[in-house]
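Numbering-wise, the sequence shown is residues 949 to 1076 according to my numbering.
Check the hints yourself; a few may be wrong.
Taking lysine-lysine pairs in the PhoX-like style, the calculated list, with each CA pair at most 25 Å apart, reads [said to hold, decoys possible]: (1) Lys973 <-> Lys999; (2) Lys1048 <-> Lys1033; (3) Lys973 <-> Lys1003.
Everything labelled a hint here was simulated from the structure, so no lab data went into it.
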Amino acid sequence: MKQYPHQFSGGMRQRAMIAIALACKPDILLADEPTTALDVTVQAQIIELLKDIQKENGMSIIFISHDLGVIANVADRVAVMYAGKIVEIGASTDIFYHAKHPYSWGLLSATPSLETTGDVLYTIPGTP
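Given these sequences and hints, build the entire structure.
The structure is reproduced here in structure tokens:
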């Protein structure tokens, strides 16, 4: 490789950070927004890389993200946080299809979709 680190693409930088994090062979990997600011193709590659690493090493991954689509694709269990506190936790299917907390429901309702063109997005009232 004949590039300096500052010349790496976003995806290459993210892969390098994952390699550094895995160097000590941790039991748990904390991935804080690992796909933010990456294009969709590179996001998919990073997610697949993390899934492969998880299977090969039998490790747990705490995946922190604001992107509900990514979370739905990755997580077995989901914790929804509001104002720095966990307000709902459960299996990803339970959270995404049967949210119980008003904030969880609000997050899911505020997600844009192709079917709702022209409609106003749901907003969550209040401040954390």
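We went through each hint and held it up to the structure:
For the suggested pair lysine 973 and lysine 999, the alpha carbons sit about 15 Å apart, so the restraint of at most 25 Å is met. Note on lysine 1048 and lysine 1033: the hinted pairing holds, with a Cα-Cα distance of about 16 Å set against a maximum of 25 Å. For a cut-off of 25 Å, the pair hint linking lysine 973 to lysine 1003 stands: about 13 Å separates their Cα positions.
Comparing the model with each numbered hint stated earlier shows that all of them hold.
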